[in-house]
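K.L.:
Take a look at the letters that make up each chain.
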Amino acid sequence: GAGVSQSPSNKVTEKGKDVELRCDPISGHTALYWYRQSLGQGLEFLIYFQGNSAPDKSGLPSDRFSAERTGGSVSTLTIQRTQQEDSAVYLCASSLVASPSAALSGELFFGEGSRLTVL
Amino acid sequence: GIQVEQSPPDLILQEGANSTLRCNFSDSVNNLQWFHQNPWGQLINLFYIPSGTKQNGRLSATTVATERYSLLYISSSQTTDSGVYFCAAQLNDMRFGAGTRLTVKP
Numbered sequence: 001g002a003g004v005s006q007s008p009s010n011k012v013t014e015k016g017k018d019v020e021l022r023c024d025p026i027s028g029h030t031a032l033y034w035y036r037q038s039l040g041q042g043l044e045f046l047i048y049f050q051g052n053s054a055p056d057k058s059g060l061p062s063d064r065f066s067a068e069r070t071g072g073s074v075s076t077l078t079i080q081r082t083q084q085e086d087s088a089v090y091l092c093a094s095s096l097v098a099s100p101s102a103a104l105s106g107e108l109f110f111g112e113g114s115r116l117t118v119l
Numbered sequence: 120g121i122q123v124e125q126s127p128p129d130l131i132l133q134e135g136a137n138s139t140l141r142c143n144f145s146d147s148v149n150n151l152q153w154f155h156q157n158p159w160g161q162l163i164n165l166f167y168i169p170s171g172t173k174q175n176g177r178l179s180a181t182t183v184a185t186e187r188y189s190l191l192y193i194s195s196s197q198t199t200d201s202g203v204y205f206c207a208a209q210l211n212d213m214r215f216g217a218g219t220r221l222t223v224k225p
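Just so you know, the protein sequences line up as chains W and Z, in that order. Under my numbering, the first residue of the first sequence carries the number 1, and numbering increases by one thereafter. Under my numbering, the first residue of the second sequence carries the number 120, and numbering increases by one thereafter.
Keep in mind that the hints were calculated from the coordinates and are not lab data. All residues carry an ideal CB built from backbone N, CA and C; glycine is no exception. Careful, some of the hints might be misleading.
SDA-like mimics (lysine to any residue), calculated; alpha carbons at most 25 angstroms apart, straight line [said to hold, decoys possible]:
id: 1; chain 1: W; residue 1: K11; chain 2: Z; residue 2: P225
id: 2; chain 1: W; residue 1: K11; chain 2: W; residue 2: L96
id: 3; chain 1: W; residue 1: K11; chain 2: Z; residue 2: I163
id: 4; chain 1: W; residue 1: K15; chain 2: W; residue 2: F109
id: 5; chain 1: W; residue 1: K57; chain 2: Z; residue 2: K173
id: 6; chain 1: W; residue 1: K57; chain 2: Z; residue 2: D146
id: 7; chain 1: Z; residue 1: K224; chain 2: W; residue 2: Q41
id: 8; chain 1: W; residue 1: K57; chain 2: Z; residue 2: D212
id: 9; chain 1: W; residue 1: K11; chain 2: Z; residue 2: G120
id: 10; chain 1: W; residue 1: K57; chain 2: Z; residue 2: V183
id: 11; chain 1: W; residue 1: K57; chain 2: Z; residue 2: P158
id: 12; chain 1: W; residue 1: K57; chain 2: W; residue 2: S87
id: 13; chain 1: Z; residue 1: K173; chain 2: W; residue 2: K15
id: 14; chain 1: W; residue 1: K57; chain 2: Z; residue 2: W159
id: 15; chain 1: Z; residue 1: K173; chain 2: W; residue 2: G3
id: 16; chain 1: W; residue 1: K17; chain 2: W; residue 2: P100
id: 17; chain 1: W; residue 1: K57; chain 2: Z; residue 2: A217
id: 18; chain 1: Z; residue 1: K173; chain 2: W; residue 2: L39
id: 19; chain 1: Z; residue 1: K173; chain 2: W; residue 2: V97
id: 20; chain 1: W; residue 1: K11; chain 2: Z; residue 2: N211
id: 21; chain 1: W; residue 1: K57; chain 2: W; residue 2: P8
id: 22; chain 1: Z; residue 1: K224; chain 2: W; residue 2: P100
id: 23; chain 1: W; residue 1: K57; chain 2: Z; residue 2: N157
id: 24; chain 1: Z; residue 1: K173; chain 2: Z; residue 2: I163
id: 25; chain 1: Z; residue 1: K173; chain 2: W; residue 2: F109
id: 26; chain 1: W; residue 1: K57; chain 2: Z; residue 2: K224
id: 27; chain 1: W; residue 1: K11; chain 2: Z; residue 2: Q161
id: 28; chain 1: W; residue 1: K11; chain 2: Z; residue 2: Q122
id: 29; chain 1: W; residue 1: K11; chain 2: Z; residue 2: D129
id: 30; chain 1: W; residue 1: K57; chain 2: Z; residue 2: E124
Each pair of labels, with its calculated beta carbon distance range [said to hold, decoys possible]:
id: 31; chain 1: Z; residue 1: Q197; chain 2: W; residue 2: S66; range: 23 to 31 angstroms
id: 32; chain 1: Z; residue 1: N143; chain 2: W; residue 2: L39; range: 19 to 27 angstroms
id: 33; chain 1: W; residue 1: E14; chain 2: Z; residue 2: R177; range: 33 to 41 angstroms
id: 34; chain 1: Z; residue 1: Y188; chain 2: W; residue 2: E14; range: 29 to 37 angstroms
id: 35; chain 1: W; residue 1: G51; chain 2: Z; residue 2: Q161; range: 46 to 54 angstroms
Taking beta-carbon pairs under 8 angstroms as the criterion, some of the chain Z residues facing chain W (in silico) [as the list claims (entries may be wrong)]:
id: 36; residue: P127
id: 37; residue: P128
id: 38; residue: N157
id: 39; residue: G160
id: 40; residue: F205
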């Protein structure tokens with residue numbers, strides 16, 4: 001697609017429910033990132049995927065969080081047994097490569113985010 | 120991961136003034152970007168600048184990778200420049216600073 005697409009744009013759920021957030025990166029981009037932004041705060045790194053390599057999961061805050069990237073394209077972030085502190089905007093970004101060089105850009109492009117509210 | 124620090128955390132300017140925002144990072148990087156987050160939360164790419172200097176209209180940026188810092192210059196500021204400016208640096212994954220919140224008053 002022309003840009004990074006995320007869905008849903010807004011999600012309201014009850015505490016304890018599972019949620020899935022979807023990210024469709026820019027076509028041809030091999031690197032995909034998930035971030036979380038709480039109200040008035042900066043961007044917290046969650047996880048990133050680079051091609052067929054094992055993902056870097058070092059930013060996931062607990063084992064309730066997981067992410068998959070199928071076929072090297074679309075990614076799904078899953079939060080199990082949601083808690084109120086999970087309320088935030090979840091942002092996805094993609095780049096051509098994760099290890100840029102003079103020939104290959106690592107510039108990140110963001111989607112508009114999925115706003116999650118846990119009641 | 121790499122540590123990214125931005126200063127100042129908050130900045131209030133009168134329209135027409137110039138400003139400099141700073142980004143320090145803790146390690147060598149292969150990617151450095153500046154973003155503007157508008158009041159609706161959208162992250163706008165300003166500069167992709169792992170090294171050197173770039174200019175785009177009233178904005179310019181310089182990254183001195185060997186000294187581990189980058190600067191964003193805003194000249195003749197306008198009220199539409201208000202928002203949060205983020206610096207992000209990458210060695211492996213991409214890490215963000217806490218941002219500089221800029222308010223430009225008419």
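K.L.:
The structure should be examined with respect to each hint, and the outcome stated for every one.
P.N.:
Against the structure, the hints:
{"no.": "1", "hint": "W:K11 x Z:P225", "result": "37 angstroms, violated"}
{"no.": "2", "hint": "W:K11 x W:L96", "result": "29 angstroms, violated"}
{"no.": "3", "hint": "W:K11 x Z:I163", "result": "23 angstroms, holds"}
{"no.": "4", "hint": "W:K15 x W:F109", "result": "31 angstroms, violated"}
{"no.": "5", "hint": "W:K57 x Z:K173", "result": "33 angstroms, violated"}
{"no.": "6", "hint": "W:K57 x Z:D146", "result": "21 angstroms, holds"}
{"no.": "7", "hint": "Z:K224 x W:Q41", "result": "23 angstroms, holds"}
{"no.": "8", "hint": "W:K57 x Z:D212", "result": "10 angstroms, holds"}
{"no.": "9", "hint": "W:K11 x Z:G120", "result": "30 angstroms, violated"}
{"no.": "10", "hint": "W:K57 x Z:V183", "result": "30 angstroms, violated"}
{"no.": "11", "hint": "W:K57 x Z:P158", "result": "30 angstroms, violated"}
{"no.": "12", "hint": "W:K57 x W:S87", "result": "20 angstroms, holds"}
{"no.": "13", "hint": "Z:K173 x W:K15", "result": "47 angstroms, violated"}
{"no.": "14", "hint": "W:K57 x Z:W159", "result": "29 angstroms, violated"}
{"no.": "15", "hint": "Z:K173 x W:G3", "result": "24 angstroms, holds"}
{"no.": "16", "hint": "W:K17 x W:P100", "result": "39 angstroms, violated"}
{"no.": "17", "hint": "W:K57 x Z:A217", "result": "21 angstroms, holds"}
{"no.": "18", "hint": "Z:K173 x W:L39", "result": "31 angstroms, violated"}
{"no.": "19", "hint": "Z:K173 x W:V97", "result": "22 angstroms, holds"}
{"no.": "20", "hint": "W:K11 x Z:N211", "result": "31 angstroms, violated"}
{"no.": "21", "hint": "W:K57 x W:P8", "result": "23 angstroms, holds"}
{"no.": "22", "hint": "Z:K224 x W:P100", "result": "38 angstroms, violated"}
{"no.": "23", "hint": "W:K57 x Z:N157", "result": "29 angstroms, violated"}
{"no.": "24", "hint": "Z:K173 x Z:I163", "result": "16 angstroms, holds"}
{"no.": "25", "hint": "Z:K173 x W:F109", "result": "19 angstroms, holds"}
{"no.": "26", "hint": "W:K57 x Z:K224", "result": "42 angstroms, violated"}
{"no.": "27", "hint": "W:K11 x Z:Q161", "result": "18 angstroms, holds"}
{"no.": "28", "hint": "W:K11 x Z:Q122", "result": "31 angstroms, violated"}
{"no.": "29", "hint": "W:K11 x Z:D129", "result": "31 angstroms, violated"}
{"no.": "30", "hint": "W:K57 x Z:E124", "result": "23 angstroms, holds"}
{"no.": "31", "hint": "Z:Q197 x W:S66: 23 to 31 angstroms", "result": "43 angstroms, violated"}
{"no.": "32", "hint": "Z:N143 x W:L39: 19 to 27 angstroms", "result": "26 angstroms, holds"}
{"no.": "33", "hint": "W:E14 x Z:R177: 33 to 41 angstroms", "result": "47 angstroms, violated"}
{"no.": "34", "hint": "Z:Y188 x W:E14: 29 to 37 angstroms", "result": "46 angstroms, violated"}
{"no.": "35", "hint": "W:G51 x Z:Q161: 46 to 54 angstroms", "result": "27 angstroms, violated"}
{"no.": "36", "hint": "P127", "result": "15 angstroms, violated"}
{"no.": "37", "hint": "P128", "result": "11 angstroms, violated"}
{"no.": "38", "hint": "N157", "result": "11 angstroms, violated"}
{"no.": "39", "hint": "G160", "result": "6 angstroms, holds"}
{"no.": "40", "hint": "F205", "result": "7 angstroms, holds"}
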